[in-house]
Structure formats: C-alpha cells, structure tokens
Amino acid sequence: MKIRHILRSVLVGLLLLSSAAHAQLVSVTSLKGQVVYLDFWASWCTPCKVSFPFMNELHEQLGNKGLVVLAVNLDEQRAAADRFLAQTPAKFRIAYDPKGVTPEHYTVKAMPTAVLIDRKGQVRHVHAGFREADKKDLRAQVEALLKEAP
Amino acid sequence: MKPSVAVRPRLLRTLFLGLLMFGPAFALSGCVTLEPVKPWQKGNLARSDMAFDADALESKMAEHVYVSKESHYGGNGVGGGGCGCN
Numbered sequence: 001m002k003i004r005h006i007l008r009s010v011l012v013g014l015l016l017l018s019s020a021a022h023a024q025l026v027s028v029t030s031l032k033g034q035v036v037y038l039d040f041w042a043s044w045c046t047p048c049k050v051s052f053p054f055m056n057e058l059h060e061q062l063g064n065k066g067l068v069v070l071a072v073n074l075d076e077q078r079a080a081a082d083r084f085l086a087q088t089p090a091k092f093r094i095a096y097d098p099k100g101v102t103p104e105h106y107t108v109k110a111m112p113t114a115v116l117i118d119r120k121g122q123v124r125h126v127h128a129g130f131r132e133a134d135k136k137d138l139r140a141q142v143e144a145l146l147k148e149a150p
Numbered sequence: 151m152k153p154s155v156a157v158r159p160r161l162l163r164t165l166f167l168g169l170l171m172f173g174p175a176f177a178l179s180g181c182v183t184l185e186p187v188k189p190w191q192k193g194n195l196a197r198s199d200m201a202f203d204a205d206a207l208e209s210k211m212a213e214h215v216y217v218s219k220e221s222h223y224g225g226n227g228v229g230g231g232g233c234g235c236n
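Here the protein sequences come in this chain order: A and B. Anchor point for the first sequence: position 108 equals 108 in this note's numbering, and the numbering is continuous, going up by one each time. Anchor point for the second sequence: position 58 equals 208 in this note's numbering, and the numbering is continuous, going up by one each time.
FYI, nobody ran anything at the bench for these hints, they're computed from the structure. Note that this is a predicted model, so its numbers are computed, not measured. For every residue, glycine included, the Cβ atom is placed at its ideal position computed from N, Cα and C. Don't take each hint at face value.
Claimed, not checked - Listed next, the in silico DSS-like pairs over lysine-lysine satisfying Cα-Cα at most 27 Å (straight line):
| hint | chain 1 | residue 1 | chain 2 | residue 2 |
| --- | --- | --- | --- | --- |
| 1 | A | Lys99 | B | Lys188 |
| 2 | A | Lys109 | B | Lys192 |
| 3 | B | Lys192 | A | Lys91 |
| 4 | B | Lys192 | A | Lys135 |
| 5 | B | Lys192 | A | Lys99 |
| 6 | A | Lys136 | A | Lys65 |
| 7 | A | Lys49 | A | Lys135 |
| 8 | A | Lys99 | A | Lys147 |
| 9 | A | Lys135 | A | Lys147 |
| 10 | B | Lys219 | A | Lys49 |
| 11 | A | Lys49 | A | Lys136 |
| 12 | A | Lys109 | B | Lys219 |
| 13 | A | Lys65 | A | Lys147 |
| 14 | B | Lys188 | A | Lys135 |
| 15 | B | Lys192 | A | Lys49 |
| 16 | A | Lys91 | A | Lys65 |
| 17 | A | Lys32 | A | Lys120 |
| 18 | A | Lys135 | A | Lys32 |
| 19 | B | Lys210 | B | Lys192 |
| 20 | A | Lys99 | A | Lys32 |
| 21 | A | Lys49 | A | Lys91 |
| 22 | A | Lys136 | A | Lys147 |
| 23 | A | Lys135 | A | Lys120 |
| 24 | A | Lys49 | A | Lys109 |
| 25 | A | Lys109 | A | Lys99 |
Stated by the list, open to error - Partial selection, computed: residues in chain A whose CB lies under 8 Å from chain B:
| hint | residue |
| --- | --- |
| 26 | Ala42 |
| 27 | Asp75 |
| 28 | Ala79 |
| 29 | Phe92 |
| 30 | Ala95 |
| 31 | Tyr96 |
| 32 | Pro103 |
| 33 | Val108 |
| 34 | Met111 |
Stated by the list, open to error - Across the chosen pairs, the derived CB separations fall in these ranges:
| hint | chain 1 | residue 1 | chain 2 | residue 2 | range |
| --- | --- | --- | --- | --- | --- |
| 35 | A | Ala149 | B | Glu208 | 57 to 65 Å |
| 36 | B | Asp205 | A | Ala80 | 18 to 26 Å |
| 37 | B | Glu213 | A | His105 | 36 to 44 Å |
| 38 | A | Ser27 | B | Leu169 | 49 to 57 Å |
| 39 | B | Pro174 | A | Gln122 | 45 to 53 Å |
| 40 | B | Glu208 | A | Ala86 | 26 to 34 Å |
Next comes chain B alone, as it looks inside the complex (with noise of 0.2 Å):
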C-alpha cells in the first residue's frame, strides 16, 4: 500500500503537465470543427457596407498610385515611373 501513496502525487503531477502542454491543442482543435458558411448563407456578407472597402473605385486609384510610388516592395504588378499615371 506504502508505494501507492508515493506514486499519487506524481501521477498527478504528470497529468497536469499533459494537460498544460495538450489542453490548448484540444481547445484549438474546437475551432476546427467551425461549419463553413454555405453558399446560400452568405446573404449578410453580400450587404455592400460589409465589403473591406467603402468605394471599390476609391481603394483601387489609391492602390495604382502606392504601386507606382512603392514598387521595388514588389508583389503588386508591375510598377511604372513616378507620376502615378500609367
């Protein structure tokens, strides 16, 4: 019976070190299960005021301009001189 009572409070010990180092990998996996949203679901994320942009034309002239300011960052096209006008 002696060894039982020494064994306990390691045994313990380890499993609240696995559930330290793996409880946030199972709480994570939650998110995994997320249903995406269905086609015909998307009725909100249709509406025009939940786009990322406010005026499509606006946010596409401002991003000609940057490009042609800020072209050697790369990964938007190609860049042209400096008037922003091409």
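So here's chain A without its partners, still in its complex pose (with noise of 0.2 Å):
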C-alpha cells in the first residue's frame, strides 16, 4: 500500500490537461516542498459546492503557510465549469482535465475527492465525498501536514 502510495505520489508528474486552447499545464511534481490540497470536482456535483468555501478558507487561512489548493474540474464541457465558477468563486488554483486522465491515477471513487499530499510528494489522505461535518478532520489533516518538516 505504501508503496503504492509512492508511485502515485511519482506519478503525479503527469501533468492536467486544459481544455483551453493554449493549454495550460501544472506538473504536481512542481509543488514538491508544499502541501498540497488536490481536490477533484465537477458542476453538476452538489458536494462539490458545498466544498468550495471551506476550499477558498484553507487557501486564504494556510496558503501562506505553504499549502496549495489545487482543484482539478473534471467537467467535459468546459462552459459548464465556466458557470459553476461565476456562482461559486474560485480564489484557489483551478485546472481542468475534461477526458478524466488523473483521476484515474488517483483511482478517484466519488465527487468530489480530495488528496492530500505532504510535503515530500506522497499521497497521505484520500478524502471521498464532502460534508459540513468533514471539514474539521481535513483542516486537522492539513495544518499536521504543514508542521511537517521539508
């Protein structure tokens, strides 16, 4: 499982397509050295919603503290990720795979995931489907992942 969990966390170079037209790459592996906070999300997920904001407070709380919250859109239309962002805004790192090619890397199970990667590039919580009551454990998860060291 570890091991497992390793290779993941090398795979994460592969990097999310954007389905705009200069597309826009992020390599995972370009954090290394920060937490990071990779959630995937699509717009016709109620859950989804209902994360955002507990998202955009992790990145203003702990974003100088280094954590990235990097939310990857799954949709495959990109305009339906264009109207979920103009009701529910979006202050953290948005990219966009419409043909699903991480999460299957990730082995996503539900919407939204979020995973959480320490700081030395492995996977150390896969967090499946999103309540209110959720948001204590992943903050708890997070801020014990900052105060480790590089």
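Got two chains here, separate frames each, mind docking them using the hints?
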C-alpha cells in the first residue's frame, strides 16, 4: 500500500491537461516542498459546491504557510465549469481535465475527492465526498501535514 | 483418402452445432467487458431530467398512499390504516 502511494506520488508528474486553447499544464511535482490539497470536482456535483467555501478558507488562511489548493475540474464541457465558477467563486488554483485522465491515476471513487499530498510529494490522505462535518478532520490533517519538515 | 471425405460433413455439423450452442454465450460475453461509468463521468446522469421520477415529492406521496392500501403485498415497510394518512 505504501509503495503504491509512493508510486502514485511519482506519477503526479503527470500533467493536468487544460481544455483551454492554450493548454495550461500543471505539474504537481513542481509543487514539491508544499502541502497540496488536490481536489477533483465537477459542476454537476452538489457536495463539490459545498466544499468550495471550505477550500477558499484553506487557501486564504493556510496559503502563506505552504499549502496549495489545486482543484481539478472534470467536466466534459468547459462552459459548464465556467458557469459553476461564476456562481461559486474560487480563490484557489483550478486545473481542467475534461478527458478524466488524472482521476484514473488517483483512483477517484467519489465526487468530490480530496487528495492530501505532503511536502515530500507522497499521498497521505484520500477523502471521498464532502460534508460540512468533514471540515474539522480535513483541516486538522492539512495542518498536521503543514507542520512536518520538508 | 476415402474416410476424410466421410468425416468432413460430420466435422462441419459438429462445428455448426457448437457454434449454435455456444455462439450466443460468446456474443453475450462481449457485454461483460463494458466498462462501468466512472464517478466523474456522471454529469449527464446527474441531470434532474434523467431521474426516474419527475417529481420526487409527488412520487413519494403516491408511494405512501399505495403502500397503505396495498401493504399486504409487502416489501415496502409497514402498512397502516385505510386512510393513507399515517
């Protein structure tokens, strides 16, 4: 299990493809040394909408402490994502993967899924779904990862 | 050389019968390999017009009344009285 986790974190070198005309690539390996809150979401997913204010909060309060919130949109249509973002503003980084390549690598089993990656680039927690009650645990896990030495 | 001529039709018939019996099984096995829908591919399924019931509240009420009348069929919980009000 551990080896698989490490393997997967090496796999994070894989790039998140943007559907934008000028493909904007995000390499998660370039975020090494930082704690990454990697979220997979889609516009049609109601719990994803619930998670956005929480992720905004994380970004605002812990962004300067070495946390990167990166939310990967998995809508097939970019327009749907744009409509969602117009209603639900996001202050954190958004990447687009309309083909669903990346969730395959992280074996996403529910929407949304939050993957917590530590400063060494290892996947430490995978959290499927989102409820208001999950906030406390997620926050505590993120803070614990931030306290670890790079 | 003579026997081979006699064997041929029998072989063909066996093959044909085999195909007749197991062909559908092979054809159906193709369906098994259909990939399940991934969680992130459920955008269209999540649309409200894709739901089985047009109105969740209405169908719930209808079912409630139905169960109270037809509870002897079972399978839907406990039935109440005749008015459908409990």
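Hint-by-hint comparison with the structure:
In summary, the hint linking A:Lys99 to B:Lys188 is supported, as the alpha carbons are separated by about 12 Å, within the 27 Å threshold. In summary, the hint linking A:Lys109 to B:Lys192 is supported, as the alpha carbons are separated by about 12 Å, within the 27 Å threshold. For the hint linking B:Lys192 to A:Lys91, the alpha-carbon distance of about 26 Å falls within 27 Å, and the restraint holds. Pair hint B:Lys192 plus A:Lys135 holds up; C-alpha atoms about 25 Å apart against a cutoff of 27 Å.
For the proposed pair B:Lys192 and A:Lys99, the alpha carbon gap of about 13 Å is at most 27 Å, so the pair holds. For the given pair, A:Lys136 sits about 18 Å from A:Lys65 by alpha-carbon distance, which is consistent with the 27 Å threshold. For the hint pairing A:Lys49 with A:Lys135, the CA-to-CA distance comes to about 14 Å; that is within 27 Å, so the pair holds. The hinted pair formed by A:Lys99 and A:Lys147 fails the criterion: a straight-line CA distance of about 35 Å is larger than 27 Å.
Annotation: proposed proximity of A:Lys135 to A:Lys147 holds, straight-line Cα distance about 18 Å (limit 27 Å). With a CA separation close to 41 Å, the supplied pair B:Lys219 and A:Lys49 exceeds the 27 Å bound. Taking the CA atoms of A:Lys49 and A:Lys136, the gap is near 17 Å; set against the 27 Å cutoff, the hint holds. In summary, the hint linking A:Lys109 to B:Lys219 is not supported, as the alpha carbons are separated by about 41 Å, beyond the 27 Å threshold.
A hinted pair counts as satisfied when its Cα atoms are at most 27 Å apart, and A:Lys65 with A:Lys147 qualifies at roughly 9 Å. Taking the CA atoms of B:Lys188 and A:Lys135, the gap is near 25 Å; set against the 27 Å cutoff, the hint holds. Proposed proximity of B:Lys192 and A:Lys49 is supported: the alpha carbons are some 16 Å apart, at most 27 Å. Distance hint between A:Lys91 and A:Lys65 is fulfilled; the C-alpha atoms sit about 16 Å from each other, no more than 27 Å.
With a CA separation close to 6 Å, the supplied pair A:Lys32 and A:Lys120 stays within the 27 Å bound. Of the pairs offered as hints, the one joining A:Lys135 and A:Lys32 holds, with about 24 Å between alpha carbons and a cut-off of 27 Å not exceeded. In summary, the hint linking B:Lys210 to B:Lys192 is supported, as the alpha carbons are separated by about 24 Å, within the 27 Å threshold. For the hint pairing A:Lys99 with A:Lys32, the CA-to-CA distance comes to about 25 Å; that is within 27 Å, so the pair holds.
Our distance criterion of 27 Å between C-alpha atoms is met by A:Lys49 and A:Lys91, whose separation comes to about 14 Å. At roughly 17 Å between alpha-carbon atoms, A:Lys136 and A:Lys147 fall within 27 Å of each other, so this suggested pair holds. Taking the CA atoms of A:Lys135 and A:Lys120, the gap is near 24 Å; set against the 27 Å cutoff, the hint holds. Our distance criterion of 27 Å between C-alpha atoms is met by A:Lys49 and A:Lys109, whose separation comes to about 18 Å.
Taking the CA atoms of A:Lys109 and A:Lys99, the gap is near 16 Å; set against the 27 Å cutoff, the hint holds. Taking 8 Å as the C-beta contact cut-off toward chain B, the hint placing A:Ala42 at the interface holds, the least distance being around 6 Å. Hint status for A:Asp75: holds, given a least beta-carbon distance of 6 Å to chain B, under 8 Å. Taken as an interface hint, A:Ala79 does not check out: its beta carbon lies about 12 Å from the nearest beta carbon of chain B, beyond 8 Å.
Nearest Cβ of chain B to the Cβ of A:Phe92: about 19 Å, over the 8 Å cut. The hint is violated. The closest approach between the C-beta of A:Ala95 and any C-beta of chain B is roughly 14 Å, which is over the 8 Å cut-off, so the hint fails. Annotation: interface hint on A:Tyr96 violated; nearest CB of chain B at approximately 12 Å, more than 8 Å. With a cut of 8 Å, the hint placing A:Pro103 at the interface with chain B holds, because the nearest CB-to-CB distance is about 5 Å.
At about 6 Å, the closest approach between the beta carbon of A:Val108 and any beta carbon in chain B falls short of 8 Å, and the interface hint on this residue holds. The beta carbon of A:Met111 is positioned within 8 Å of a beta carbon in chain B (closest approach about 5 Å), and the interface hint is therefore held. About 59 Å separates the C-beta atoms of A:Ala149 and B:Glu208, a value consistent with the hinted range of 57 to 65 Å. A beta carbon spacing of about 25 Å between B:Asp205 and A:Ala80 agrees with the range 18 to 26 Å that was offered as a hint.
The hinted window of 36 to 44 Å between B:Glu213 and A:His105 holds, with their beta carbons roughly 42 Å apart. The supplied range of 49 to 57 Å is met by A:Ser27 and B:Leu169, whose beta-carbon atoms lie about 53 Å from each other. For B:Pro174 paired with A:Gln122, a C-beta distance near 50 Å keeps the hint of 45 to 53 Å intact. Between B:Glu208 and A:Ala86, the C-beta spacing of about 32 Å keeps the proposed range 26 to 34 Å intact.
Violated hints, listed in ascending order, are 8, 10, 12, 28, 29, 30 and 31; each of the other numbered hints is respected by the structure.
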